[in-house]
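Order-wise, the sequence lines are chains W and F.
The opening residue of the first sequence carries number 45 in the numbering used here; numbering runs sequentially from there.
The opening residue of the second sequence carries number 13 in the numbering used here; numbering runs sequentially from there.
Hints in this document: simulated from the structure, not taken from any laboratory.
Possibly wrong hints are sitting among the right ones.
[What the hints assert, rightly or not] Ranges between beta-carbon positions, derived for each pair:
hint: 1; chain 1: W; residue 1: Ala123; chain 2: F; residue 2: Asp56; range: 26 to 32 Å
hint: 2; chain 1: W; residue 1: Pro66; chain 2: F; residue 2: Glu143; range: 25 to 31 Å
hint: 3; chain 1: F; residue 1: Asp56; chain 2: W; residue 2: Glu67; range: 23 to 29 Å
hint: 4; chain 1: F; residue 1: Val14; chain 2: W; residue 2: Asp62; range: 21 to 27 Å
hint: 5; chain 1: W; residue 1: Asp62; chain 2: F; residue 2: Ser77; range: 50 to 56 Å
hint: 6; chain 1: F; residue 1: Glu130; chain 2: W; residue 2: Asp126; range: 49 to 55 Å
hint: 7; chain 1: F; residue 1: Ala18; chain 2: W; residue 2: Pro66; range: 22 to 28 Å
These numbers come from a predicted model, not from an experiment.
Just so it is clear, CB atoms sit at the ideal spot from N, CA and C, and this is done for glycine as well.
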Amino acid sequence: MKLDCKHVWPYISDYIDDTVTPEERRAIEQHLETCEICSAILDSVHNILVLTADDRIFRLPLGYSQRLHERIGEELAKAAPDGGSASVDDGGSRE
Amino acid sequence: MVQALAKEMEWIARILRGERDLFHELIRPYERVVFLTAVSVLRDSTEAEDAAQEAMIKAYRALGSFRGDAKFSTWLTAITLNEARSRLRKSSRVRVESLDDTGPEEDYTPFLVADWREIPSETLEREELAEQIQCAIEGLPPSYREVFLLRDKEEMSIEEIAQVLGVTANLVKVRLFRARMMLQKRLAPYLRRELPQQRRWLSWLGGRA
């Protein structure tokens, strides 16, 4: 199996996820060894994925966790979940 | 993984028997994925936070229906996705975007680069850079954005994402490929243009100091 650039691009995503077949992997790597452009494209995609995975991208709003647990606390104090039994721990309202 | 589910199942049983406060602990590891799932649909932090809270409340109320067929996180993510989508539909601010992939055919050719110099994560301290990346993700078509965030930020498996979205694993892969290529095409020219300049400036400054 021999690939040219255009045929390598659709595999870049699966290659990163390691979901290509061994034969595809061989063909892709063979191409990458001799093609600087495709290697650079792969590096750029990989780099972008590392950057986007960083916690600084889509930071949680300040105080998010605290507000979430307060809201949950209010709900827990109100009612048992459907299918749940009434509380056995003093009403579950220890907030 | 199996152990985690067993522990969660035990906690759920205890919550259902009345130890309600355990719900706080049950959802703690998933606060982030729930927010990100909501933001992937709503693209607005405040709205996403509201949706995340509501989704958690719905999950609590429906806890008795969780049978452990899927992972708890998968179940929770699916609830969040429904909540966020229904809010998006109700919102007059946002036009209803098609969730299928039948939009105009985009070109998924990457931005061609002859070499690539690694951009370290510390660079994200520059707020405008983080904003650009976030904007590029927000600019993806909704169905690509969801898949991208679940896979590349939350590291869910292709199969889990397929389960959450109710689509085939193959479709998840196609959307992921397109999302990644679109991001490369939008971000690579920007990143390449931005960073070497800063380096030159820094070395010039260093040289003068």
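The hint says 50 to 56 Å between Asp62/W and Ser77/F; measuring C-beta to C-beta, is that right? For Asp62/W and Ser77/F the Cβ distance comes to about 35 Å; the hint is violated.
For Pro66/W and Glu143/F, compare the CB-CB distance with the range 25 to 31 Å and indicate the outcome. 41 Å, violated
Whether the CB-CB distance between Ala123/W and Asp56/F falls inside 26 to 32 Å: 30 Å, holds
Determine whether the Cβ-Cβ distance between Val14/F and Asp62/W falls within the hinted range of 21 to 27 Å. Holds, since Val14/F and Asp62/W (Cβ atoms, about 23 Å apart) stay within the stated range.
Cβ separation of Glu130/F and Asp126/W, checked against the hinted range 49 to 55 Å: Distance hint for Glu130/F, Asp126/W holds at roughly 51 Å.
Assuming the hint says 23 to 29 Å, is it satisfied by the Cβ distance from Asp56/F to Glu67/W or not? Cβ of Asp56/F to Cβ of Glu67/W: about 45 Å, so the range 23 to 29 Å is violated.
Pro66/W and Ala18/F - C-beta distance against the hinted 22 to 28 Å: 35 Å, violated
Consistency note: the structure conflicts with the earlier hints numbered 2, 3, 5 and 7.
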